[in-house]
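With chain V held as given, fit chains S and W onto it using these hints.
Protein chains in written order, with the numbering used here: chain V, 366 to 589; chain S, 40 to 469; chain W, 83 to 616.
It should be emphasised that the hints constitute simulated quantities derived from the structure, not laboratory data.
Mixed in with the good hints there might be a few duds.
Where chain W lies over chain S, by a calculated footprint (3+ residues, C-beta under 8 Å) [unchecked claim]:
id, region
1, 383-392
2, 397-407
3, 426-433
Simulated crosslink set (EDC-like; lysine to aspartate or glutamate; CA at most 16 Å straight-line) [stated by the list, open to error]:
id, chain 1, residue 1, chain 2, residue 2
4, V, Lys501, V, Asp544
5, W, Lys142, S, Asp427
6, V, Lys426, V, Asp542
7, S, Lys375, V, Glu523
8, V, Lys443, S, Glu185
Glycine included, C-beta positions come from ideal geometry on N, C-alpha and C.
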Amino acid sequence: MSDHTKASGPIPFRNPGWAGNTGSFDLTEAQVRGDDFVGVRPPDGGHPSGAPSYPYMKADKAPDAPLFEGPYRERFEKILTRYPETRAALLPTLNLAQELRGHISPDTMREVAVLLDLPEAYVRGVTSFYTMYNKKPVGRFLIQVCTNISCNLCGGDEVLAAFLKHTGTELGATSSDGDFTVMEVECLAACGTPTAVQINSRYYENVTPDGVPAILERLRARGE
Amino acid sequence: MAFPYEHEREVRILSRGWGDPRTRTLEGWKALGGYQALEKALRMPRGEVIDEVKASGLRGRGGAGFPTGVKWSFMPKEKTGPQYLCCNADESEPGTFKDRELLRWTPHQLIEGCLIAAHAIQADHVFIYCRGEFFEAVQVLARAVEEAYEAGLIGKDILGTGIDIELTVHSGAGAYICGEETALMNSLEGRRGLPRIKPPFPAAVGAFGRPTTINNVETLCAVPHIVQHGGAWYREQGTEKSSGTKLFCVSGHVVRPGNYELPLGFPLKDLIYDVCGGFRPGRSLKAVIPGGSSVPILNAAECEDCTLDYEGVVEAGSMLGCASVIIMDDTTDIVKQVRRMVDFYAHESCGQCTPCREGTQWMARILRRIEEGRGTEEDMDTLLDLGDQMTGTTICVLSDSAAAPVASSIAKFRDDYLALIRRGERVGAA
Amino acid sequence: MVETVTLTIDGQEVTVPKGTTILEAAETLGNRVPHYCYHPGLSRPAQCRLCLVEVEGAPKLQASCVTAAMPGQVVHTQSESARAQRRGVLEFYLKNHPLDCPICDQSGECKLQDYVHEEGRAHGRSREPKRVLGRDDFGGDVLFYGDRCVMCTRCVRFMNEMAQDPRLTVVERGNRSVIDTFFEEGLAGSPYAGNIVDICPVGALVSKDFLHKARAWDLDHIPSICPNCSQGCNIDLHVRDNLVQRLKPRDNPEVNQHWMCDYGRHRYEWMNHGTRLVAPARGRGEGLATGTWEAVLSDLADELAEAREAGLGVRALASPFASNEDLAALRDLVEALGGGEIVFRSPRADQEIPLPGFPKLVRRRDLAPNVRGAELLGMRRVGGEDASGGLESLVGFDGILLVMGDALLDAPEDFGAGARVLACLGTHPPRVAAGATHLLPIRTHAEGEGTFTNVEGRVQRFWPGLHAPGEARPAWQVLAFLAAALGAEGEVPALAAEAFARLAADHAPFQGLSYEVLGTRGALVNDPVSLPGA
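Here chain V stands alone, though its shape is the one from the complex (with noise of 0.2 Å):
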């Protein structure tokens, strides 16, 4: 179909950011993603049978957002008609929560605790078990870099060296202007397009250490 096909030399890569941007296919950054199928998707949640499943992490958090008002309760209440059991909302429950207030405080899982009526230590229990909760307070793009082996072999630890230069953080740290988090993360299950990093919601694919700058500045500029 192209000449990508026959390539030979250097991995034909092009600009980094989407798996679209390899291979044979001139596909849009949204065709990829799905953007031009779904969208956003409400903050209700739609059709219940989807209201437990995809949580964003956002730019913009509210810690103080009350567990639940509005579409969010509404989303809740779904969640909790697709269980026998009440105790199986707990995870839907807390990334909800998390979609809100952007991390999982201990205050946190008390009202979750009572919004479901689990012991407190349970819910503190499962929270700590999962380590997409954050428990601490990140920054607006919570970048996470995969480093496991498929994307090490093709220089994950120096894309994630190139994180936080460009971004002046510690690993786990959140940078001065609150904008960024940098954390090394497990196999994100794109090992064909290394190195695979995942901010907030979205993945980057076939990052390397010079495209960092541009994808900071692109979410400095668009907020995603």
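Same frame as chain V, but now just chains S and W:
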């Protein structure tokens, strides 16, 4: 089409719609013949559906390779209450990236497979457990599910057959271990993702204490095609014992990494040099991990005649796992990569079983010390011994998985270790 | 008829009920398979991986705590593979363990120490730095030393399943796992939390009360019955230097399973000190003087005989802290004096505190061990919930007043002033000592041997753990001597066993009971009470 690369030796069944945004929609999926298999299956006695899948020889694509039809037949003959189907979309084995593509390009293929399977095992409710990081792919899936509900393909009285099946898309929150089927059930129930002891097996006591079957995304995606075209048709691809096509996730030092759908039994060397374009100029093959980070490493010699089917890879000295082929060229620091994998297992160990909880971390520490030039030759013996103690001694196989790359790399790349260790001795003496 | 299976463990055939696990089957042979997470009273996560044994025909070692014994199974607990497994697991435990046995309270009764000593590696191979978690105050009586923890999760499961007060959890995962509560919430106020210290197989959970107080190997363990309520939990007194250092529950599936409440556990100091009565005395007021037992008892016997001759009546005040034998001997003496009412006072709590996971175990309202025994011997409860008052029938009585074990702290100054004889048998000087004609020092239950009857009617034995002070004697002996002197039939018992035999012979509710019948778990009286949850 394919995504991101295509190759003429591929046999694209599951990946047919990849790279074409239209296949995400109900309309686009139907244009490819979608949901005809569902229509057919729902009007078949469920036993016949299971028989067809048995006849196809389809084996679980999540790593264990257990025959899917046989697994389905373990479910109770007489239904006494709710039963569940869980779709394992918690894809997180390092090197594996096929399910994400299936979710985001062909969500209806998965939905259709789930519904057929649910009918076959009399499940009332399907839970698709997606890894939490898949924000984007899951959005696509959730929208497709919504469409299918609106079209009467999910819910009450599906296609006028009187069959009711609910489907829920559920997101995890970051834990590799939840890809283990019993840990997945615990996690789905809102618990810490700890693997359960077996027996009881999920077909007897599964999610929410009810009979449950768990299948991988790729397994379920193959089901509509098998129902549509027959088990015998599926067997035309692959080998006698490993039938059908498989998505090979190729990553690492090749020119064109990516997913390729190939018949099982495909030669590994052809995958590397032909399909994936080989290495960059001046580089050569050093090692391959053929089935995701949990399986033993193969050296270049072992790759020579290796065929990529369940039996062929075992013969070569490893396992097919989920066919995640991680390819390393001669610039690779094996010790560093093994350490990175063991770090991963230490990070992801659930912590219940002592050998895994303590052993993964201990191994990671030793490997880091060796990497930093402070290792000794005895450390290698210790690593091998720890690996023995971590193999076959725990509730699930995570600790076995951590031990496999360590033991195999010491056996096959001992010189890499020795180089670091001896450098360390010189540094220490200076 | 219970279905059974027969299997072979380490070359010995054993037959056990169907459903028994290999670990339990091995225990019936006396082969203890090392384990941490398994506890007979809790669920079985099979996660410590120490109890793995070789089962012929199985491809891998099997967790004996959850693998059911099957007919014809051949099990090896001592095979090379099973031993290698244990050696390996033990090395894993020691990898991050601080090896602080010299300052650890568990030292000497620590399962990690024991197992490593038995079959651990001679030398550890770890060269890596150890993980350091430090110490955490869990509130209540519980201290947590995270570095010693083996992550068996017995404590978490106890709080979830037994106390049903799920305040403990595993936090984090993998090697970073640690036991904790909800941040600063702690365990304070949880009425059964002390049990997690007992079931912790290592020194991770320790009692603040016992912290650095005694070494485990210096403690004598004396089987006893908790005297702090009428449940009758089976306990051990842990004694050093003639002082009770702590109470620990002792298994009895009929009464307390493996558990006891914190209320009972922490009330032992009273057994240790206070101003004790140490010598018998006679004479009222200023004339009160100590004498030999022989002199005081023969004087008392004479006075009792005279009073009986004079046709004076007898009334008695007993104590629910006294044993069945003591109470029966008091009853016998009162009968020998012509018969009369015996009353007792017992402190009562506002409410019961059940253990939800084993509801038969309740911290009862009666905060004394033998209320039921006193009632079965025809004694009547008087007074208020705080064990005061109710003395109206005794205060102005002019006949023989016998007081046993009640210190009469709330009695009026002139209590018993009009009585011909006021004989007080007690461990501590009664408030009315000045008005007594005779003071007779007796032993506490911790110092003597005897039985209590619990709320359900279960008669249970206790054994002496402390030396009695001075010349204190068992009350049953003193009372039986007096009854004999007054012409009652039968020999004066010299041993507690004889006192119990006499009790069983003479008092209908106890008929048919003997030490053999009681065994180690006690036996019910002839008209037991049926309890909820029993």
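- request: Given that the region 397-407 of chain S was listed as covered by chain W, double-check it with a C-beta distance under 8 Å for 3 or more residues.
  value: Check passed, 7 qualifying residues.
- prompt: Between Lys501/V and Asp544/V, does the CA-CA distance stay at or below 16 Å?
  reply: holds, 15 Å
query: Does Glu523/V lie within 16 Å of Lys375/S when you go C-alpha to C-alpha?
result: Between Lys375/S and Glu523/V the Cα gap is close to 14 Å, so the pair holds against 16 Å.
- prompt: Between Lys443/V and Glu185/S, is the straight-line Cα distance small enough, at 16 Å or below?
  reply: Distance of about 14 Å is within 16 Å: holds.
message: When I compare C-beta atoms, does the region 426-433 of chain S have three or more residues closer than 8 Å to chain W?
response: holds (count 5)
- request: Assess, step by step, whether the Cα of Lys142/W is no farther than 16 Å from the Cα of Asp427/S, and give holds or violated.
  value: holds, 12 Å
task: Check whether three or more residues of the region 383-392 of chain S sit with their beta carbon closer than 8 Å to a beta carbon of chain W.
output: holds (count 8)
- prompt: Is the straight-line distance between the alpha-carbon of Lys426/V and that of Asp542/V 16 Å or less?
  reply: holds, 15 Å
The structure is consistent with each of the numbered hints, conforming to all of them.
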